[in-house]
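Participant: Put together the whole structure using the sequences plus the hints.
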Amino acid sequence: MTSQTHDKVVIVGGGPAGTAAAAELACHGLKSVIIDEAPKLGGVIYRGPLRKTDSLPHLDDNLKRAMTALQTRYQAHRESIEVKTQTRVLGPEGSNQLLLSDDSGLSRQPYGHLILATGCHERSVPFPGWQLPGVMLLGGVQLQLKSGLVRPGQRMALVGTGPLLPLVACQLHKAGVDVVGVYEASPFAKLAKEAVALLNKPKLTLSGMSMMSYLKKHKIPFKYGWGIVSAQGEEQLSSIHVAPYDSQWRPQRDLAEQVAVDAIGVGYGFVARTQLAMLLGLEHTYSKVSGYVPALDEWHQSQNHSAFVVGDSNGLLGADAAICEGQLAALRLAWQCGKITESELFSRATKVNNKLARIKKFRFGFDRFSDRQPGLLSLAQPQTVVCRCEQVRKEQLDEAIAQGVKDITSLKMRTRIGMGDCQGKTCSSYALDYLHQAGLTENIGVIKPRFPLDPIPFTLME
Amino acid sequence: MKKYDVVIAGGGAVGAACAYFLSRDTDLKIALIDLKKPGNASRASAGGLWAIGESVGLGCGVIFFKTLSKLHSEAQGKEVPVMRPHQLPDCFFEFALTSNNMYPALHQEMLEKHDVDFKFERTGLKFIMYNEEDRLYAEQITQGIPHLADQVRWLDAEQLKKEEPYVTDDAIGAIDFICDHQVNPYRLVDAYLEGARQNGVSLYLNTEVTSVIRNGNVVEGVKTSDEVFFCDTLINASGAWANELYQQATGRTMPVYPVKGQIVLSERMPKIMNGCISTSDCYIAQKDNGEILIGSSTEEKGFDTTNSLDKIQELSQGAMKCLPILKESSIKRCWAGLRPGTPDELPILGPVEGVEGYLNACGHFRTGILTSAITGQLMTELIMGKTPSLDLTPFSVERFEEAEQKAG
Ligand SMILES: Cc1cc2nc3c(=O)[nH]c(=O)nc-3n(C[C@H](O)[C@H](O)[C@H](O)COP(=O)(O)OP(=O)(O)OC[C@H]3O[C@@H](n4cnc5c(N)ncnc54)[C@H](O)[C@@H]3O)c2cc1C
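The listed protein sequences derive, respectively, from chains A and B. For the first sequence, this note's numbering begins at 2 and goes up steadily by one. For the second sequence, this note's numbering begins at 8 and goes up steadily by one.
In short, the hints are calculated from the structure, not lab data. Hints should not be assumed to be uniformly reliable.
[Stated by the list, open to error] With a cut-off of at most 25 Å between alpha-carbon atoms, the simulated BS3-like pairs for lysine-lysine come out as follows: (1) Lys43/B with Lys426/A; (2) Lys9/B with Lys407/A; (3) Lys44/B with Lys407/A; (4) Lys426/A with Lys44/B; (5) Lys217/A with Lys191/A; (6) Lys352/A with Lys32/A; (7) Lys126/B with Lys278/B; (8) Lys217/A with Lys202/A; (9) Lys407/A with Lys43/B; (10) Lys126/B with Lys407/A; (11) Lys126/B with Lys449/A; (12) Lys175/A with Lys218/A; (13) Lys407/A with Lys230/B; (14) Lys175/A with Lys204/A; (15) Lys44/B with Lys230/B; (16) Lys449/A with Lys318/B; (17) Lys294/B with Lys334/B; (18) Lys120/B with Lys407/A; (19) Lys318/B with Lys73/B; (20) Lys194/A with Lys361/A; (21) Lys449/A with Lys43/B; (22) Lys220/A with Lys175/A; (23) Lys10/B with Lys407/A; (24) Lys44/B with Lys449/A; (25) Lys449/A with Lys294/B; (26) Lys318/B with Lys294/B; (27) Lys175/A with Lys224/A; (28) Lys407/A with Lys36/B; (29) Lys393/B with Lys10/B; (30) Lys308/B with Lys449/A; (31) Lys294/B with Lys426/A.
[As the list claims (entries may be wrong)] What follows is a list of derived Cβ distance ranges for each label pair: (32) Arg79/A with Lys308/B: 37 to 43 Å; (33) Lys191/A with Gly309/B: 50 to 56 Å; (34) Gly258/B with Phe365/A: 51 to 57 Å; (35) Gly440/A with Asn281/B: 44 to 50 Å; (36) Thr217/B with Ser348/A: 43 to 49 Å; (37) Lys308/B with Ser307/A: 21 to 27 Å; (38) Asp104/A with Ile179/B: 35 to 41 Å.
None of these values were measured; they are calculated from a predicted model. Every residue, glycine too, gets a C-beta built ideally from N, C-alpha and C.
Facilitator: As structure tokens, this is what we get:
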């Protein structure tokens, strides 16, 4: 009994990467357990509504197809895949177990092999007013629409960069929201330069173009080279200032325009969600796009600890790439467990890798287009809170750096940045970028996650 | 190549205190080199300045003693560990109390001269008694320290209720050590470092001492991965890692080893404690920002710094028993640090016979935050060629060599 559970592959995260890995493992006779904190499989992108509904008016057909595909993948192999939803991983327990919490309390999950597919979280960008109710991150806006089936606001604007902007704008409009403007930080000329890269995925590019024409048809302004400056409101957001950005994404404040809104979505990028990987002791390296990401071999396996990390949690490439990575890891594991031969491994993997290469070319085009520029860091004013949990203001970072702080741990000790309940998920990417901008790039370290990854009631310890 | 009068290896509470006092009281050219290794004790510490409490085996001492007795009763034959002292010798009391007395003025000095606040709070340390056994234990403790009677207050159940209303009704009373207080430990280290920096010390943080340069019996400096630092005196303040540098500097070994301590921290709570608390299960301190800190296990597991459910459960249960209101709160985070332990629980301080240009400042075990100040002062006196204000003989490394010779 116990030895059987030990043989199981434990997959943390039931999004496209985790589910694809489980399905691929099942194809080769390997059983797995998927653990996810959400009530449904699918991850933030394909989870869909949390209540039952027949019509999904604001979701486009591509998304519906992809959601069905994920469900089909799982259903076809459900005998081999145990799913633990509404279950959180609090951290490692001993050398081969995870500590879990769910409604019924704490439990341990032993593992023989581990695949982490924990996705990403949003990069928060502090600017004056960013804490006002009504200011949301773009993923949060989408979640309300897709999973909560509620409109996040009546009159909304979107600010940020990347392909999610037009997509969410269309979804909002279809859901009946008055979208008063979409502001893409990068200039159009830069997008044009990436045309070749974008043609690596003609279908996606076309769908992007059709979204742009949808916006045009419905007279929704889409401004390239513009972005957020500040948000205003008493108890609740009532307006924002947006302005043209220069090439460094510094706002030209004298050209700022005020726009009346009751909600906005802010999307200047994502950060790989690597807290568990770090707690497990996997080595990490810094990447400008995704933050700290685990150091992995070409099969997505880490040298130390030999865990696999797939999907956005090892760098942001989107759902299609996540599926490929999940499959690659599963194939490698199947080979390591003696379920497939080396030639089977390589012939299957070559196909997946070719697909992945095309996606990457396309994606890297977008990454270059959406490459965050340092001006974004200057949006926060001296009094702007940059760490919400501990109410740390930007001027406190400046003071600490002026006093000689050169690494993030010292910055944390001096200002309490990153010491709140979220353990730095919200503020650490800003703090890292800020240190980099101050010319500090060597050995600046990372805000180390602590056990437990989410607070747990004392009563669970009784 | 760099040349300093003094190089300090290790920037925890002890190394940082040495840098501060040396730079305050001398004109020497000083460098401090530190790489925060996972498990750095000062950062993990609870920040208790429990001079009497820890000396008589309360605070962490009580848990340490419990762990030892358990090991002792479970072990067989050759594995039976030597029982270590419960109440520390007089020389340690003097060492700890002298250091303790330095904090009020040091706090003022840091605020006024260097604009840093390490959050010194006058709290007292209360040992909570649940039953007659606890009372007997408390009596035995106070009998052992007659000269400190004016620092001990006995509280009956009613008085305790008045001073600590959230402590369980099951408590029958407490003894309070009125001179035992608390600081914020990482602010303390930060204050020493900032003070030292302002006094002209060169700080090489995020830098590892990779080896010691020795010429015969003279220590001449250290190497880091890309630089060489020559110096007249090397102070080894590298905490649980101190034996590594000691070996390179002297060719011998000394018994400094990591003793892991896990800590549980609550979410912020409104002020529910007026002082620090010790029970026979754990110690509990509310920090200035409202978080409640519960410590601490004592485990000899090498350089392992992972958390484990069993210890976290034990600590949490002990704390909930004492402060039932904790059941309304959550555990925000846990961590583990490595105390630099020694077999007799005393630090290892001062020069080494037959070796020049080298000083030990390590082995501070569970009281290095408390005793950092006096250590900094003593090292400064040694380097200035003064007679140290406390007798260092009981703290010299030779005590272990003598013990070994006797045993051999
Ligand atoms: C959980 C816990 C709770 C505690 N509570 C208290 C308390 O309430 N009160 C109290 O007084 N004490 C307490 N202590 C004990 C106290 O923390 C230690 O005694 C004290 O921190 C020791 O200080 P240190 O400077 O010697 O060691 P450390 O703080 O460990 O510092 C040593 C430093 O040297 C660095 N280093 C090591 N080798 C090298 C190298 N080769 N090159 C560069 N750098 C190096 C290390 O990374 C580290 O930064 C507690 C300890 C723990 C673990």
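Participant: Looking back at the numbered hints, which does the structure fail to meet, lowest number first?
Facilitator: none
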